[in-house]
Amino acid sequence: MEYKKPRNRVNMKEQAPLIRARNLLEVPLGYTPEEAMEEAGRCLNCARPACRTGCPVAIDIPAFIKLVHEGKFIEAAWKIKEENAMPAVCGRVCPQEIQCESHCILGKKGEPVAIGNLERFVADFEREADGLRIPEQPSHTGRKVAVIGSGPGGLSCSADLIKSGHQVTLFEALHKPGGVLIYGIPEFRLPKIIVEKEVDYIKKLGVEVIMNAVIGKMYTLDELINDHGYDACFIATGAGLPAFLGIPGENLNGIYSANEFLTRANLMKAYLFPEYDTPIKKGKRVAVFGGGNVAMDSARVALRLGAEKVYLVYRRSEAEMPARKAEIHHAHQEGIEFMFLTNPTRFIDDGKGNVCAVECIRMELGEPDASGRRRPVPLNGSEFRIEIDVGIPAIGTRSNPLLLSTIPDLRLNKRGYIIADHETGMTSKPGVFAGGDIVTGAATVILAMGAGRKVAKAINEYLKWKHWDTSGITV
Amino acid sequence: MFRIAKKKALSDAVILFEIEAKEIARKAKAGNFFVLKIHEQGERIPLTIADFDQERGTITAVFQKVGKTTHQLAMLNEGDSISDVIGPLGKNSHIENFGKVICVGGGVGIAPVYPIARALKEAGNTVISIIGARTRELIFWEDRMRIASDKLIVVTDDGSYGRKAVVTVPLDEFLREDTGIKRVIAIGPAIMMKFVCRTTEKYPVETIVSLNSIMVDATGMCGACRIEVGGETRFACVDGPEFDGQKVDFDLLMARQRMYLDEEKEAMECHRKKMGGN
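Taken in order, these protein sequences are the chains called A and B.
Position one of the first sequence corresponds to residue 0 (numbering that gives the first Met the number 0), numbered consecutively onward.
Position one of the second sequence corresponds to residue 0 (numbering that gives the first Met the number 0), numbered consecutively onward.
Treat the hints as calculated values from the structure; they're not laboratory data.
All C-beta atoms, glycine included, are put in the ideal place defined by N, C-alpha and C.
Hints may contain errors.
Some chain A residues judged to face chain B by a derived CB distance under 10 Å, without partners named [to be verified]: (1) Ala172; (2) Val213; (3) Phe243; (4) Tyr255; (5) Leu261; (6) Thr262; (7) Lys268; (8) Lys280; (9) Thr344; (10) Ile347; (11) Lys351; (12) Gly352; (13) Gly395; (14) Pro400.
Here chain A stands alone, though its shape is the one from the complex:
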């Protein structure tokens, strides 16, 4: 099918901003089959599809879109699943605008094909039509692999390894599998039922999932290898130690790390308190500090918990914000008040140990720093106060030493992350691979999934010959 002029993108309908800001339902409502087919019809089916090069797991994008255009939605989902076990998740949380969609030829003159929306549509269609297909079980290789951490990296690696015929055990420290997909990303961006279904799919493939298993404490890595007969281990524990601002008053009641705030709300369902037992301070005036996706999520959760006013305080300007454009846009629409070029200097005590205000200082942009972004410099004398009852630093995470400190022969970099080969995930310890945030520092779901897939491939090779080559490791 040829089109002389590319038609406009079929936008996905969304809940109205002021309504959705007070409920936990998903913001985009999804395509109808007709809308999906129409959008798929915009794809030019390029001979050398650039979109695919922008995908960290190299999904055959034109092939699945063609199937959508033909109305073969379930087949389209299966096509994606050849490369990606979790399309319903990735269709929602991948930054497509800087990945596949940024390479789409249509984007040169107009809007690129809505690849993310289409991925989401077919994954949802497959799930709702009960079309989940369990591929044939391969013959067993007799090899055992332990995957530590059930976030996106661990899940994708497990799915690939089980398809290769290895026995796979996935260990999760929390009481629910999914990692950041469960504790971090809020319901309105990624409904938890979708994560549960994706995990179910991986279990159906044959992966054994063991919850409440804190590796390093319950078993050491050496015990898994020597006593439990695992031939290889993949460490995919993420970067789970919250960074704080390091300013006075940060330990007052009402100050949460974004990790804690989101874990209480998402994993523990504190928004349903007292039906659920975990409490959360439902602030009336909330300030979130930071400019990434986690900051956006925290701000939007605070709003949904009933806050009257939510400030997003960021020390640089909007242009430097690392959050996805769509998330910033959604937050704006919902009434989050952005305070750019503003930095907190201290939290003020109400006299009873609770935060009652935050003192901030205005910033201006100076010369570019190491990250290439212009460095914010405080403007002396510009201090001012914002009254708040909840404050949420969302300024990133650090490496969690809980497991790593129990593996003396594993080499770490200066920041405490694991040193691993970029291509294979091989570490300084034979048989032990690592990938995702625990290697790179905090990044995205899809990058962790991509790392999980690369490592699965390397583990496959390793299990054939048990040859350990770490010449590719660079610090």
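Take the given structure of chain A and dock chain B to it, following the hints.
Chain B in isolation, oriented as in the chain A frame:
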């Protein structure tokens, strides 16, 4: 699911559970704690591992009925199951032959101090123990503590059992009379630990306390349990739970423990109503 192998009421308010958790029992050491979550809607609460039996594959928890979760927990019986049990967590107690040590357990804190006293005695220390509670009813494990100690003093606030005193009174006497005491380990309510530290600061003795702050994941991921030690923020779950008591900001710890008082009341109300009470 984790089965409750044994339940025993140590008093009206204090309950002992032995929970089947083979993997945790295998690795548990004095000073460790674990996290439990009763059911799908439950919260995650940390409890100290008061004892462990590797052969039977059980860990012992002693808890006091205070809020909704502990009340609900107390309603479970032998043979019932708890949905999630996670551990062992936290750093091990530092055990070596120090010479002469004093172990102080206050209220429900008697339970966690017991395995430490036992381990210290096994390591060759002379162990003096002081256990105390508000009233006779709340004193438990006197027999166990006697076996784990060379000398045991029991005190109650109201004098209904043992000596009428708070734990710091005999503690101060021991420290004054015997300059050979090297270390004091104190576990109990924050306010008790604070006063233990006030008492010991006058003497050349190290004071170790085990902090019971509010936790969620208890693996270092959330920072709910943060406290200040020597002016620095530390996480009780992974950096502790034991710290040098002289450096702990107990007022901050107590303030943080009170963070959810209103919510705890509300949850308790709802629970009572559901149970048909008033």
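Consistency of the hints with the structure:
Residue-level restraint check for Ala172 (chain A) holds (minimum Cβ-Cβ distance to chain B is 5 Å; threshold 10 Å). The restraint placing Val213 (chain A) at the interface with chain B holds, with a minimum CB-CB distance near 6 Å, inside the 10 Å limit. At a threshold of 10 Å, the smallest CB-CB gap from Phe243 (chain A) to chain B is about 7 Å, leaving the interface hint in force. Because the smallest distance between the Cβ of Tyr255 (chain A) and any Cβ of chain B comes to about 8 Å, under 10 Å, the interface hint for this residue holds.
Hint on Leu261 (chain A) holds. Least Cβ distance to chain B is approximately 9 Å, under the 10 Å limit. Using the Cβ-Cβ criterion of 10 Å, the hint placing Thr262 (chain A) at the interface with chain B is satisfied: the shortest such distance is roughly 5 Å. Interface hint at Lys268 (chain A): satisfied, since its Cβ lies 8 Å from the closest Cβ of chain B, which is below the 10 Å cut-off. Taking 10 Å as the C-beta contact cut-off toward chain B, the hint placing Lys280 (chain A) at the interface holds, the least distance being around 8 Å.
Checking Thr344 (chain A) against chain B: minimum C-beta separation of about 17 Å lies over 10 Å; hint violated. A distance limit of 10 Å between C-beta atoms decides the matter here; for Ile347 (chain A) the minimum to chain B is near 15 Å, and the interface restraint is violated. Among the interface hints, the one on Lys351 (chain A) holds; its C-beta lies about 8 Å from the nearest C-beta in chain B, closer than the 10 Å criterion. For the restraint placing Gly352 (chain A) at the interface with chain B, the shortest Cβ-Cβ distance is roughly 3 Å, inside the 10 Å limit, so the hint holds.
With its C-beta approaching chain B no nearer than about 13 Å, Gly395 (chain A) sits outside the 10 Å limit, and its interface hint is violated. Residue-level restraint check for Pro400 (chain A) holds (minimum Cβ-Cβ distance to chain B is 7 Å; threshold 10 Å).
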